[in-house]
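Residues 364 to 757 in this note's numbering are what the sequence shown lists, from first letter to last.
Just so you know, the hints here were simulated from the structure itself, not pulled from any lab data. Among the clues, some could well be false.
Stated by the list, open to error - For each label pair, taking beta carbons as the anchor points, the in silico distance ranges come out as: (1) Gln-710 with Lys-732: 44 to 50 Å; (2) Glu-737 with Asp-642: 26 to 32 Å; (3) Gly-445 with Glu-636: 50 to 56 Å; (4) Lys-733 with Asn-607: 19 to 25 Å; (5) Ile-708 with Thr-416: 47 to 53 Å; (6) Asp-651 with Gly-445: 39 to 45 Å; (7) Glu-643 with Gln-670: 27 to 33 Å; (8) Gly-423 with Glu-729: 44 to 50 Å; (9) Gln-670 with Gly-495: 25 to 31 Å.
What the hints assert, rightly or not - Calculated cross-link-like contacts (lysine to any residue; reagent style SDA-like; alpha-carbon spacing at most 25 Å): (10) Lys-732 with Gln-590; (11) Lys-691 with Tyr-479; (12) Lys-633 with Lys-569; (13) Lys-569 with Ala-558.
We treat Cβ as the ideally placed atom computed from N, Cα and C, and that holds for glycine.
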Amino acid sequence: MPKNQAGRKAHEFSDFQFPTRFRGPHTMHKFRIFTVLTASVALSASPLWAVDTINVRSTGKPVQGEITTINKTEVTIKPRTGEAQKIPANDIASIKWDSEPAKLMIARGDEERGNYEKALDIYTEAHKDATGKLKTYLDFLIARTMAKQALDDDSKIDDAIKKMEAYLKASADHVGHYEGQSFMGQLFGAKGDYAKAQTAFEALGKAPWKDYQIAAKVAVGRMQLKQNNIDGATKTFVEAASSNAESASEKARRAEALVGQAACLMKQSKHDEALKLIDEVIKATSTDEAATMAFAYVVQGDCYQAQNKTKDAALAYLHVPVLFPKEKAAHAEALYHLAKISGTIGQPDRAAEARDQLLEDFPKSEWAKKLQAESGAAAPAAAGAEKTKEKEKE
Numbered sequence: 364m365p366k367n368q369a370g371r372k373a374h375e376f377s378d379f380q381f382p383t384r385f386r387g388p389h390t391m392h393k394f395r396i397f398t399v400l401t402a403s404v405a406l407s408a409s410p411l412w413a414v415d416t417i418n419v420r421s422t423g424k425p426v427q428g429e430i431t432t433i434n435k436t437e438v439t440i441k442p443r444t445g446e447a448q449k450i451p452a453n454d455i456a457s458i459k460w461d462s463e464p465a466k467l468m469i470a471r472g473d474e475e476r477g478n479y480e481k482a483l484d485i486y487t488e489a490h491k492d493a494t495g496k497l498k499t500y501l502d503f504l505i506a507r508t509m510a511k512q513a514l515d516d517d518s519k520i521d522d523a524i525k526k527m528e529a530y531l532k533a534s535a536d537h538v539g540h541y542e543g544q545s546f547m548g549q550l551f552g553a554k555g556d557y558a559k560a561q562t563a564f565e566a567l568g569k570a571p572w573k574d575y576q577i578a579a580k581v582a583v584g585r586m587q588l589k590q591n592n593i594d595g596a597t598k599t600f601v602e603a604a605s606s607n608a609e610s611a612s613e614k615a616r617r618a619e620a621l622v623g624q625a626a627c628l629m630k631q632s633k634h635d636e637a638l639k640l641i642d643e644v645i646k647a648t649s650t651d652e653a654a655t656m657a658f659a660y661v662v663q664g665d666c667y668q669a670q671n672k673t674k675d676a677a678l679a680y681l682h683v684p685v686l687f688p689k690e691k692a693a694h695a696e697a698l699y700h701l702a703k704i705s706g707t708i709g710q711p712d713r714a715a716e717a718r719d720q721l722l723e724d725f726p727k728s729e730w731a732k733k734l735q736a737e738s739g740a741a742a743p744a745a746a747g748a749e750k751t752k753e754k755e756k757e
């Protein structure tokens, strides 16, 4: 409708009056009743009924309704209208419960940003009053957050293992089961208990989805690589990479396998082959796959270092803190290398900056400990304290 015509229509409506014969007191009273009833109908159409929300990973869209059943492979949700939907557990990014307190949104954000202590405080407080499905889901969130925290700070590994074991035992058929097995394997691997890590990753590999099956093989390959079992790791990564990947998630896990394969080639001094493989991964993989891309650049940097191409190595490592700062493991490793090599290419300030950032942000990482052992470096106390205060304010 043209703007001037729309204006006339609005003006006509604002000047409208009921004809005289329709403006009696009874008619106006009935009109007011009609208005109230209309408003009531409109309100009844709004979601005043119980609404749970599942955020679906593959579509990026929420599905709302009432969650009726949960098991380790799927969650069934019944919308207000239409048929119930079954959402596979590997496609669930998160669940928001109708009965949950509003502060859980804050806790999820804290967990996502790595503020694990804050997230745990809120999750634990909410757990006290929670019941039913929400309480069990909070058991999972608490165990998961403790696992993430322990992978940054190995002094917390034993407590995290106990919490995750308790969750998996009490809720063996829960939606977080396979993700919990993945974290269990990582925790045991970080502790050096490779037999128990292997058991957990085998349990992960029993998931009915190909992306989880590939992820399980990648996890085993990384564990073998950590033990310097290069031949075994190579075989595992090649097997994982040979899987027929169709979905975006499957392709992402296959890319992780290729990065692992490249790391093995680098260990075997096959640097050109490794770099070719890494280039293929970087070109084909979305930057949304931050963990995969971050480790790809670390392996690329390692290869260039081995070839004495120090400037190229520094540039490769620099991608991680600039583009993927939230990937803590790769971030710490990249900072370690930048602290070691930047001074040799005439960039002493960058070396000092990388050293300080590593010791301040990741003081309990294996890379900070390695740097300290090699150079006797200590975290700048004042800067570290200031950084802690800033994080507490977030």
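Each hint tested on the structure:
1. Gln-710 with Lys-732: 44 to 50 Å: 24 Å, violated
2. Glu-737 with Asp-642: 26 to 32 Å: Since Glu-737 and Asp-642 have Cβ atoms about 31 Å apart, the given range 26 to 32 Å holds.
3. Gly-445 with Glu-636: 50 to 56 Å: Since Gly-445 and Glu-636 have Cβ atoms about 53 Å apart, the given range 50 to 56 Å holds.
4. Lys-733 with Asn-607: 19 to 25 Å: 39 Å, violated
5. Ile-708 with Thr-416: 47 to 53 Å: Given about 51 Å between the Cβ atoms, the range holds.
6. Asp-651 with Gly-445: 39 to 45 Å: 31 Å, violated
7. Glu-643 with Gln-670: 27 to 33 Å: 18 Å, violated
8. Gly-423 with Glu-729: 44 to 50 Å: Violated, since Gly-423 and Glu-729 (Cβ atoms, about 35 Å apart) do not stay within the stated range.
9. Gln-670 with Gly-495: 25 to 31 Å: Violated, at about 58 Å.
10. Lys-732 with Gln-590: 19 Å, holds
11. Lys-691 with Tyr-479: 13 Å, holds
12. Lys-633 with Lys-569: 34 Å, violated
13. Lys-569 with Ala-558: 17 Å, holds
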